[in-house]
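K.L.:
Residue numbers (the numbering used here), protein chains in the order written: chain A, 649 to 955; chain B, 649 to 955.
A few of these clues could be false.
Note that identical chains are pooled: a pair holds if it fits in a single copy or bridges any two copies.
When the alpha-carbon atoms are kept at most 27 Å apart in a straight line, the in silico DSSO-like pairs for lysine-lysine are as follows [unchecked claim]:
#  : residue 1 : residue 2
1  : K836      : K911
2  : K836      : K746
3  : K799      : K732
4  : K919      : K667
5  : K760      : K911
6  : K732      : K742
7  : K760      : K667
8  : K910      : K742
9  : K910      : K766
10 : K910      : K760
11 : K856      : K799
12 : K911      : K766
13 : K841      : K732
The hints are simulated quantities; they were obtained by calculation from the structure and are not laboratory data.
Number of protein chains: 2
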Amino acid sequence: MSSLDVNMAQCAWSENILKLLRRMNNFYLPGSSRANCLRFEIDGAQVGWIPPHVASLLTRYPAVFRPPHGGAVSLCEGLDSYEKRSEAVDAVLKDLRKEESLTCLKGWRDEKYSVMPKFCDPPSMWMERSATCLFGVKRYGVHLNGYTVSKSGEVSMWLARRSLTKQTYPGLLDNVAAGGLAADVGIKQTMVKECQEEACIPAAIAEKARPAATVSYTYEDEEGVFAECQFVFDLELPLDFKPVVGDGEVQDFQILPIHEVKKLLATDDFKPNCAMVVLDFLIRHSFIDPDTEPFYQEFVAGLHQTI
Amino acid sequence: MSSLDVNMAQCAWSENILKLLRRMNNFYLPGSSRANCLRFEIDGAQVGWIPPHVASLLTRYPAVFRPPHGGAVSLCEGLDSYEKRSEAVDAVLKDLRKEESLTCLKGWRDEKYSVMPKFCDPPSMWMERSATCLFGVKRYGVHLNGYTVSKSGEVSMWLARRSLTKQTYPGLLDNVAAGGLAADVGIKQTMVKECQEEACIPAAIAEKARPAATVSYTYEDEEGVFAECQFVFDLELPLDFKPVVGDGEVQDFQILPIHEVKKLLATDDFKPNCAMVVLDFLIRHSFIDPDTEPFYQEFVAGLHQTI
C-alpha cells in the first residue's frame, strides 16, 4: 500500500472505532430515550432507568410499584427489605413474561443479579438477569484478554468464536472468557470459573490473570437500557497452551497476531463490548500511538462512560 | 497491625482517594459554577467554559467578544482566522493582566496553548497558557511514570519533589517528568524533552517510554475552570539509573517501593493530578484488587471524566 492508502485505512479504522463507542454509549447521546426514562429508585437512591414503555406496564402492579412521581418510580412502602423487594419484583417479572413486547424475558436465565446504586453499596435487591435492561439496572461482569508473547516479543491474542446457537450475538468474535457477575460471587472467582467452563483453562493458569481495568458503557435499544461495567483481566498464556471449547457457548478458539486483531475490531465480526475490552488492551499495551491516533483521548473516554 | 486495623487503614486510604477524585472533578458536582458558566464558542463549536466573573470583564472588549447570547460567548465576526483570533484575544489578556482579581495572569508564561473543540480538531486559535483557566479551555499535557523492576520482580517508582520556588504546588511530590503540550509540538516529543530538561533522562532512554493511558478531569477554583487531559507514559528505568535535577523545577528525586507510593497518594504530600496519574498506574499494573477495593470502578471513572 502507498502511504496515502495506509493513512486512509487508518482513518477508516478510527472512524469505525468511534462509531462503535458511540453506539455502545448511545444512551448519553442527544435524542436518546434518557430524557423520557424514569429513575428507578430504592430508598431514595437511583438504581436504574425505566423506559416509558416499561413504566406504563408497571402501573398494572400497584401493590409493588408506586405510580411515577417526580420523574421516578419506586417500590411500595411495605417492600423494605432485600428479600421482600426481590420476591415482589420477581413475581411481577414472571407475570410480565407473557407480554409479547418484552422479548428480553424470553431469554429468562434464572440468574440473580445484584441491584445497588453503586458497586460499593450493599445490594438493595436481586433481579433476574434477563430483566435488568427493563429497569436499566447496571450489570457487572468480567472479561479476560488471553494473549501470548513469543520469544521475539510478538504479541498474539486468543479469541473465541461464539456458538451459532447463542441467544445473543451468535457467531461473533468474543474474548477468550467472559461472564456476568452473579449476586454474592467474587470478581476473580467468576473469572476463574468462566475460564474453566468456557475455555477449559485450568485454575492454576487462570489464577495468574491480572486485574487491569474496567470498561463501562450504557446503550439502549428497543428492549431497554443496558448499563454495564466489565472488570477486565489480562492473562499471558503459555505458548504451548490451547483453550478448548468447554460448555458449548463457543464454537472454536483462534489465535491471531495483535495487529490482525486490531483490524478486526473495526468490523462487524466482533461482539461490540468485547471489541471495547480489546481496544482497552491495545491502549494499555501501547499498540495505539497518541501521536498518530487523533481520537486517542476520545477512545479512552468512550471506554469509561458513567452517568 | 491487626486485620481490623488493616481494614480501617484501607478504608481511610480509599476514602481519601475518592476525595481526591471528587476534588479534581468538582466542576461536574452539583453546586459547582457550571450552571452559571457561559460556553465559549468559536464557529459555533464549544471550546471552553467562561466563569461569570470573567464574562463580565470581557464585556469591556466589544471589538473582540460579542455580548453573551443564549448562554454562550463568541468572538466578533471579523475574527475569522487562527491568527486574527489569537492576536485579538492575546491583546485583551495583556490588558487584563492589570486586573488585581485575575491572579492567574501574574503567572504569565509566554507559552502558546492550542484551543480546539476536541483534540482531534484543527486548532481554532492559540491562547497564553496562564489564561486558559479563565476560559475553561482544555489543556493537554504529558506525565511519565518512571519505575524500576528488581531482579526478584519488586516494583519501585521514582518521584520528583517540586522545588519550593515553584509557583504552583511548591514542595509537593510529582511524577518523574511532566509538562504541558504547547501548540504544534508532538506528544512523545514533549515527553522526551521534559525527561531531558527536568530529570536529565537522556533521549535514548526516554524514547523507550510507552504510551498507556490518558487521565482527564475538570476542577474549578476561585480563579477559573481547569479542564485537563494528560497523556500518560510508563518508562521502566534501568536499576542503576538515577534521575538528576535538571532545570530547577525539582529539588530532588527519590525512589520508593510501590506500596509506599500507594500510601502517599492518599496524603496531601502529592500534587493532585500526579496522584491521579500514579493511581492509574496502580490500577493498570494490578496493584489494586477489584475484589478488595470497593471503589475500584469509581476510581477508574474518576480518572476519565469528560464533559
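K.L.:
For this structure, which hints from the list above don't hold up?
P.N.:
2, 3, 5, 7, 8, 10 and 13
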